[in-house]
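Engineer: Just need the whole structure built from these sequences, with the hints factored in.
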Amino acid sequence: MSKLSRWFGRNLIRIYMVMGFTYLFIPILYTIIFSFNDYIKSNLVWRGFTWHNWQTPCGVPNICSDLGQSLKIGLLATFVATILGTMIAFALGRYAFRGRPLVNTLIFLPMASPELVLGASLLTIFINLGFNLGFWTIVIAHVMFCISFVVVTVKARIASLDPRLEQAAMDLYANERETFRRITFPLVAPGIAGAALLAFSLSFDDFIITNFNSGTVETFPLFVYHNAERGLPAQANVIGSSMFLIALITVLAGQIVSRKRKIA
Amino acid sequence: MADASTSAKGDLKLSNITKSFGDFKAVDDLSLVIPEGSFFALLGPSGCGKTTTLRMIAGLETPTSGSIHVGTTDITDMRPYKRPVNTVFQNYALFPHLSIFENVAFGLRRRGIKDVKEQVDKVLNLVELPHLADRKPTQLSGGQQQRIAVARAIVNRPALLLLDEPLGALDLKLRRQMQIELKWIQTEVGLTFVHVTHDQEEAMTMADTIAVMNEGRIEQMGSPADLYDNPKTAFVANFLGQSNLIEGTIVDSDGDSHVVDLYGQKVSVLKRRTSAKDSSVLFGIRPEKLRIQPDSHDKPGNLLTGGKISDVSYIGVSTQYQVEMPWGQEIMVFEQNDDGVPPLDKGDTVRLSWEPIFSFALDGNQDAQAGVEVDPEAE
Amino acid sequence: MSTATSTLQKPVKKRRKVPMPYLLLLPGMLWLITFFLIPILTLVKTSVNMDLQNYDPTSASTGSFWGNFWYAARTHEAPFARSFIYALAATLIALCIAYPLAYGIAFKSGRWKNVLLVLVVAPFFCSFILRTIAWKQILGQEGPVFHLLLNLHLVTLQTHITASPGAVIAGLSYNFLPFMTLPLYSSLERIDPRTLEASGDLYANAFTTFRKVTLPLSLPGVVAGTLLTFIPAAGDYVNAEILGNPSTTMIGNVINAQFLRTSNYTLAAALSFVFMVMIIAIVLFYISRAGTEELV
Numbered sequence: 001m002s003k004l005s006r007w008f009g010r011n012l013i014r015i016y017m018v019m020g021f022t023y024l025f026i027p028i029l030y031t032i033i034f035s036f037n038d039y040i041k042s043n044l045v046w047r048g049f050t051w052h053n054w055q056t057p058c059g060v061p062n063i064c065s066d067l068g069q070s071l072k073i074g075l076l077a078t079f080v081a082t083i084l085g086t087m088i089a090f091a092l093g094r095y096a097f098r099g100r101p102l103v104n105t106l107i108f109l110p111m112a113s114p115e116l117v118l119g120a121s122l123l124t125i126f127i128n129l130g131f132n133l134g135f136w137t138i139v140i141a142h143v144m145f146c147i148s149f150v151v152v153t154v155k156a157r158i159a160s161l162d163p164r165l166e167q168a169a170m171d172l173y174a175n176e177r178e179t180f181r182r183i184t185f186p187l188v189a190p191g192i193a194g195a196a197l198l199a200f201s202l203s204f205d206d207f208i209i210t211n212f213n214s215g216t217v218e219t220f221p222l223f224v225y226h227n228a229e230r231g232l233p234a235q236a237n238v239i240g241s242s243m244f245l246i247a248l249i250t251v252l253a254g255q256i257v258s259r260k261r262k263i264a
Numbered sequence: 001m002a003d004a005s006t007s008a009k010g011d012l013k014l015s016n017i018t019k020s021f022g023d024f025k026a027v028d029d030l031s032l033v034i035p036e037g038s039f040f041a042l043l044g045p046s047g048c049g050k051t052t053t054l055r056m057i058a059g060l061e062t063p064t065s066g067s068i069h070v071g072t073t074d075i076t077d078m079r080p081y082k083r084p085v086n087t088v089f090q091n092y093a094l095f096p097h098l099s100i101f102e103n104v105a106f107g108l109r110r111r112g113i114k115d116v117k118e119q120v121d122k123v124l125n126l127v128e129l130p131h132l133a134d135r136k137p138t139q140l141s142g143g144q145q146q147r148i149a150v151a152r153a154i155v156n157r158p159a160l161l162l163l164d165e166p167l168g169a170l171d172l173k174l175r176r177q178m179q180i181e182l183k184w185i186q187t188e189v190g191l192t193f194v195h196v197t198h199d200q201e202e203a204m205t206m207a208d209t210i211a212v213m214n215e216g217r218i219e220q221m222g223s224p225a226d227l228y229d230n231p232k233t234a235f236v237a238n239f240l241g242q243s244n245l246i247e248g249t250i251v252d253s254d255g256d257s258h259v260v261d262l263y264g265q266k267v268s269v270l271k272r273r274t275s276a277k278d279s280s281v282l283f284g285i286r287p288e289k290l291r292i293q294p295d296s297h298d299k300p301g302n303l304l305t306g307g308k309i310s311d312v313s314y315i316g317v318s319t320q321y322q323v324e325m326p327w328g329q330e331i332m333v334f335e336q337n338d339d340g341v342p343p344l345d346k347g348d349t350v351r352l353s354w355e356p357i358f359s360f361a362l363d364g365n366q367d368a369q370a371g372v373e374v375d376p377e378a379e
Numbered sequence: 001m002s003t004a005t006s007t008l009q010k011p012v013k014k015r016r017k018v019p020m021p022y023l024l025l026l027p028g029m030l031w032l033i034t035f036f037l038i039p040i041l042t043l044v045k046t047s048v049n050m051d052l053q054n055y056d057p058t059s060a061s062t063g064s065f066w067g068n069f070w071y072a073a074r075t076h077e078a079p080f081a082r083s084f085i086y087a088l089a090a091t092l093i094a095l096c097i098a099y100p101l102a103y104g105i106a107f108k109s110g111r112w113k114n115v116l117l118v119l120v121v122a123p124f125f126c127s128f129i130l131r132t133i134a135w136k137q138i139l140g141q142e143g144p145v146f147h148l149l150l151n152l153h154l155v156t157l158q159t160h161i162t163a164s165p166g167a168v169i170a171g172l173s174y175n176f177l178p179f180m181t182l183p184l185y186s187s188l189e190r191i192d193p194r195t196l197e198a199s200g201d202l203y204a205n206a207f208t209t210f211r212k213v214t215l216p217l218s219l220p221g222v223v224a225g226t227l228l229t230f231i232p233a234a235g236d237y238v239n240a241e242i243l244g245n246p247s248t249t250m251i252g253n254v255i256n257a258q259f260l261r262t263s264n265y266t267l268a269a270a271l272s273f274v275f276m277v278m279i280i281a282i283v284l285f286y287i288s289r290a291g292t293e294e295l296v
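Protein chains in written order, with our numbering: chain A, 1 to 264; chain B, 1 to 379; chain C, 1 to 296.
Just so you know, the hints here were simulated from the structure itself, not pulled from any lab data. Check the hints yourself; a few may be wrong.
Cβ-to-Cβ under 7 Å is the rule here; a few derived chain C residues that face chain A [claimed, not checked]:
id : residue
1  : THR42
2  : PHE125
3  : CYS126
4  : ARG131
5  : TRP135
Each pair of labels, with its calculated beta carbon distance range [stated by the list, open to error]:
id : chain 1 : residue 1 : chain 2 : residue 2 : range
6  : A       : GLU229    : C       : PRO100    : 34 to 40 Å
7  : A       : LEU129    : C       : ARG289    : 36 to 42 Å
8  : C       : LEU148    : A       : LEU102    : 54 to 60 Å
9  : A       : SER2      : C       : GLU189    : 32 to 38 Å
10 : A       : ALA156    : B       : GLN242    : 46 to 52 Å
No residue lacks a Cβ here, since even glycine has one placed at the ideal position from N, Cα and C.
Structural biologist: Take a look at the structure:
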């Protein structure tokens with residue numbers, strides 16, 4: 001075997017990985033690149049580079065108000081889902097009670113169900129009850145499908161918590177409330193934060209369930225969807241790229257910080 | 001959260017403590033008194049109930065029945081944070097998100113003590129780690145974490161300090177060092193230590209009093225020398241050091257000794273070292289107390305003849321022999337290599353002799369193998 | 001104060017009147033029951049509040065339980081079939097793409113493992129719709145790929161890359177790739193590398209080691225990943241709408257249309273419920289086979 005083909009054989013997986021990640025990022029790169037396009041009407045053909053879109057991200061009607069809706073809904077839904085989900089996670093992780101299999105099933109089902117079914121069934125009940133479709137129905141829907149993810153994330157964190165730490169705290173004169181406040185909660189907090197982040201990203205990017213239950217309210221994904229046919233303004237690319245870069249940098253920074261902490 | 005109860009002092013008294021988990025009795029009608037200021041060890045194989053007992057004293061488990069007193073205060077139903085008891089956990093259980101200083105200060109702060117710095121500094125100096133006050137537990141080595149765990153507990157001057165196999169995770173050399181240090185701290189500070197361990201050497205090195213536990217009950221309690229020289233059950237005889245237990249029958253009395261028949265050979269044992277209920281006994285003599293010589297010599301004391309060496313192990317300091325006796329049992333002999341005489345050979349016929357004051361007789365109605373093959377690491 | 005003869009077992013935590021765990025569970029469980037469980041039950045109820053076969057919004061006659069479901073299923077055989085076929089194809093493609101990727105991250109990444117994991121999930125940080133539209137524009141008639149292929153004379157102006165079943169399947173497999181990769185990675189990561197070394201020590205070459213050791217040990221991840229991909233893919237309609245054409249309609253498109261355009265809630269609910277039942281049946285069948293099958 002020649003040297004080249006031997007190198008190839010050994011690094012086959014690595015080469016594949018480069019190709020794979022490139023494939024994953026193609027549409028992202030495309031989105032970012034075309035956010036700089038000097039477009040007219042529809043952002044389909046490259047006409048030239050411009051900073052203009054980035055300078056006027058809200059320059060298109062509705063785009064920033066829709067983004068605002070997405071953010072408002074996201075924050076509200078995250079807040080509620082995180083609280084409800086964390087409570088359930090503590091119940092599951094720290095207490096014995098009857099009906100555990102039932103609770104676990106009810107938590108698992110929304111995660112496993114297609115969004116189509118979740119959205120459709122919620123719409124059905126909203127129609128039957130005569131609710132006005134809009135901001136609040138979206139929030140209700142988002143909280144519903146986020147709870148399960150919060151429970152799973154926080155529960156995993158609780159499970160990795162050594163119960164002897166809480167026993168040591170009580171051994172050292174901390175009562176139940178103090179133990180929770182000073183030991184349990186600070187140690188579970190990163191898991192709760194992670195769950196909140198997960199919930200927010202699920203809510204922000206949600207399309208199908210939101211589409212079913214939004215009425216006339218428009219969120220950012222809905223804006224993109226509605227304008228896709230007519231011509232998507234590059235400002236949408238700008239916003240999408242910004243969200244991507246902010247999220248990516250935050251997560252990578254978090255990784256670096258936690259790595260530094262471990263070494264120190 | 002300081003309470004009158006957290007300043008209770010006195011002897012620790014367990015009265016008829018039982019702990020059941022369903023049908024399984026982890027601790028079975030256990031009673032003992034631990035004098036204030038002593039270093040007490042609970043010794044036994046894994047699963048014997050020693051850790052459960054410790055946790056009941058700490059308040060992390062509740063007894064199914066029985067009571068626990070510190071002096072005159074009944075602490076049986078008290079929550080752990082109300083008891084004048086602190087624990088050093090097996091895996092140290094240091095709070096990973098707090099600094100070493102805050103870890104040690106934790107108990108003091110909960111009790112509302114204002115000026116913690118002085119006390120924390122003092123105890124950190126005691127364990128010789130004042131320079132680590134600002135680090136986090138994950139940055140410390142195992143030995144350092146162990147010492148901080150001890151510091152965190154003793155800074156509160158509890159009536160009782162409980163140690164749950166705290167040296168298990170340390171390597172041999174560090175363990176030896178910590179044994180000496182813990183003993184020193186205990187005498188220096190004057191607290192009552194209750195130390196749980198499966199390592200009989202550790203218990204004998206450190207403790208004033210040892211209680212040997214087996215299957216939820218105390219087999220025997222006493223000073224290390226008491227337990228070693230004068231075991232009362234086969235379990236204790238086999239668990240502490242090693243013993244040769246030979247089935248025999250008491251056939252006669254002679255002054256302050258019994259005469260025991262061992263498969264046709266007669267030996268004697270002091271009456272005060274006999275704990276048999278009837279004439280059926282397990283005659284015991286430890287391997288290091290036996291003298292082995294070729295069949296032609298004569299030596300004073302009790303003796304057994306007709307043994308044949310089946311195995312010889314030369315270990316530098318000593319030589320270990322396995323001697324097969326006429327009735328099929330293999331007797332262990334440890335000879336110090338202190339007389340320049342070369343070791344005997346496999347196949348040699350030998351006689352074994354010993355000073356009569358070293359033999360003991362146990363009740364014959366028990367398992368001669370109890371406490372022998374126990375694997376202390378099987379947790 | 002208990003007496004020395006007390007025999008009551010006192011659990012450490014139960015002190016108040018209402019047990020703590022139930023208090024903690026109540027709000028969240030109520031939410032899920034109200035907005036998940038009951039809506040699903042409402043689906044059933046809505047499915048039968050009108051006779052679908054003789055559809056008349058003004059009529060008060062209700063449809064029969066089985067009649068409506070049967071009707072819904074029979075008249076929409078094509079979209080149902082397409083949904084499951086596309087989802088299956090997308091799942092298999094995703095599996096093929098994701099498996100070597102997950103393998104590489106688990107075994108060949110050294111210190112970069114965590115960074116790579118983040119990069120696998122990173123595309124999700126950019127809106128799902130934007131990503132799908134990007135593919136449409138990249139592969140579409142005005143896009144760079146088409147122009148290149150046109151210049152290379154590999155396609156004519158008549159061929160469509162987008163607006164085809166292939167594009168829909170490709171879009172589905174792309175969008176759910178992280179769902180496939182992460183469970184695969186998770187179970188591959190758990191394999192002790194010394195197991196693979198032992199296999200080599202026992203005369204197996206790389207391929208055999210993979211076939212007989214790695215693959216079977218990673219099967220839980222394969223099962224999880226395929227389920228996590230297949231289920232949402234079957235219910236998706238965005239990919240079909242953006243990357244497909246009227247002949248690639250999936251059941252999701254139909255349900256969406258019935259709800260939001262035609263307002264035939266009865267039919268829409270019936271279709272949703274039938275779809276849900278089918279998914280459950282497929283999943284249960286798959287799990288039972290994956291669990292008990294003798295694995296190679």
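Engineer: Take the hints in turn and mark each one as holding or not.
Structural biologist: Verification of the supplied hints:
1. THR42: Because about 4 Å separates C/THR42 from the closest Cβ in chain A, which is inside the 7 Å limit, the hint holds.
2. PHE125: holds, 4 Å
3. CYS126: Holds, because the Cβ-Cβ distance from C/CYS126 to chain A comes to roughly 4 Å (cut-off 7 Å).
4. ARG131: holds, 5 Å
5. TRP135: holds, 5 Å
6. A/GLU229 <-> C/PRO100: 34 to 40 Å: About 37 Å separates the Cβ atoms of A/GLU229 and C/PRO100, which means 34 to 40 Å holds.
7. A/LEU129 <-> C/ARG289: 36 to 42 Å: holds, 41 Å
8. C/LEU148 <-> A/LEU102: 54 to 60 Å: Between C/LEU148 and A/LEU102, where Cβ atoms are some 57 Å apart, the hint holds.
9. A/SER2 <-> C/GLU189: 32 to 38 Å: Cβ of A/SER2 to Cβ of C/GLU189: about 34 Å, so the range 32 to 38 Å holds.
10. A/ALA156 <-> B/GLN242: 46 to 52 Å: Since the Cβ atoms of A/ALA156 and B/GLN242 sit about 48 Å apart, the hinted range of 46 to 52 Å holds.
The structure is consistent with each of the numbered hints, conforming to all of them.
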